[in-house]
Amino acid sequence: MAAGDGDPQESLVGLLSALVRPRIGLALGGGAARGFAHLGVLRALESARCRPAAIAGTSIGAIIGGAYAAEGHSEPVRRRLVEYISSRRFRDVQLAFLSRRPPEKANFRDRVSRAVRRSLFFGRAYLRESYIPQEIYRDHLVGLVPDVAIEDLALPFAAVASDLVSGRAVAFRSGSLRRAVLASGAIPGVMPPMPLGEMILVDGVATDRVPVRVLLGMRVDVILAVDVATDFLDYVPPLRRGVAIHDRAHQVTEWNLRRIRMGVADVELHPAVSEFNPLDFPAALPAVARGEECVEQAAHAIRRALVRAGLLRWIGAARAQRARRLAARGWFGEPPVVPGPGTSAEVPAQEPAEA
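Numbering (the numbering used here), first residue to last: 1259 to 1613.
Derived by calculation from the structure, the hints in this document are not laboratory data.
Among the clues, some could well be false.
To be verified - Across the chosen pairs, the derived CB separations fall in these ranges:
(1) LEU1413 <-> ARG1498: 28 to 36 Å
(2) ALA1407 <-> GLU1533: 19 to 27 Å
(3) PRO1495 <-> HIS1331: 35 to 43 Å
(4) GLU1341 <-> ASN1514: 32 to 40 Å
(5) ARG1346 <-> SER1305: 13 to 21 Å
Built from N, CA and C at the ideal position, the CB exists for glycine as well.
I would like the entire structure built from these sequences, with the hints used as guidance.
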């Protein structure tokens, strides 16, 4: 996003930045290991001096976004993630065998092993609340996300989870950051749900994969939405069996809803990460570079959005204000629930010791 010499648009961006610097809101979507691209997006924005003024995250987007909001810089977050996925305790809970897409070069032995592990997983998930127990899930987040209050972070942050009781999105904008991330990343059947009052919270992907709508209430002028869930268009599985057809139909529904809800974003970013198995975290580290490349490719669109937002904010008619009015009229579905300040999750009070 380097400025070109003599470019009038770049000059206007500089002028507007000096007068009324547009506030950037960044929505980081769910997508498991492919979410490493979020780190690349953050790094590229830092290099371009376009740091976000607010972040909303779902699932892996909540983990990376929350850690970034606590640190204020992407590099410490990247180092901790690399250290974590290289650790013995992470290898003990790898879930790459659950991917819908089988490995291309898998031999017969690998395929049999994968089938056996999948059977054991679904058997355990059928008999228990989750494949990974609550205490192990919490312990794995200790080294990634600090246990601080969201309202004390370096910049405004929201983590989005899904309520299985009401069917609505739940946005955490205050309270424990770690608990909010635990709820946002609780993949159904894999990680345990989090009770919160009358709600039962799981992964925010179920209701708001890319949490653009939450940013409408976070005083931003430009919204950048990062969607790393690209499998729908890039990979069509063999549709010869009823289960595969049924699964594909659900993907069609989710994809269309996501397109509608992302319509409020000023710029959509789609890093090229479809080649990565979303559950094979060590193999997905190159996705960081894909995030950086995506920002570079979208540099012109981002600059245009900043120019427009600066002008609109200067005359008191920011696009976010119009979007909030549309959201209030129901254009983007029901807005996420924001838990009250006195609400607390029903989870063990004792935190695991820091590593």
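Outcome of the hint check:
1. A hinted range of 28 to 36 Å is violated for the C-beta pair LEU1413 and ARG1498, which are about 49 Å apart.
2. Range check, ALA1407 to GLU1533: Cβ separation about 38 Å, and the 19 to 27 Å hint is violated.
3. For the pair PRO1495 and HIS1331, the supplied restraint of 35 to 43 Å holds, since their beta-carbon distance comes to about 39 Å.
4. For GLU1341 and ASN1514, the Cβ-Cβ distance of about 39 Å falls inside the hinted range of 32 to 40 Å, so the restraint holds.
5. Separation of ARG1346 from SER1305 is about 34 Å and departs from the stated range, judged on CB atoms against 13 to 21 Å.
Consistency with the previously given hints fails for numbers 1, 2 and 5, ordered from lowest to highest.
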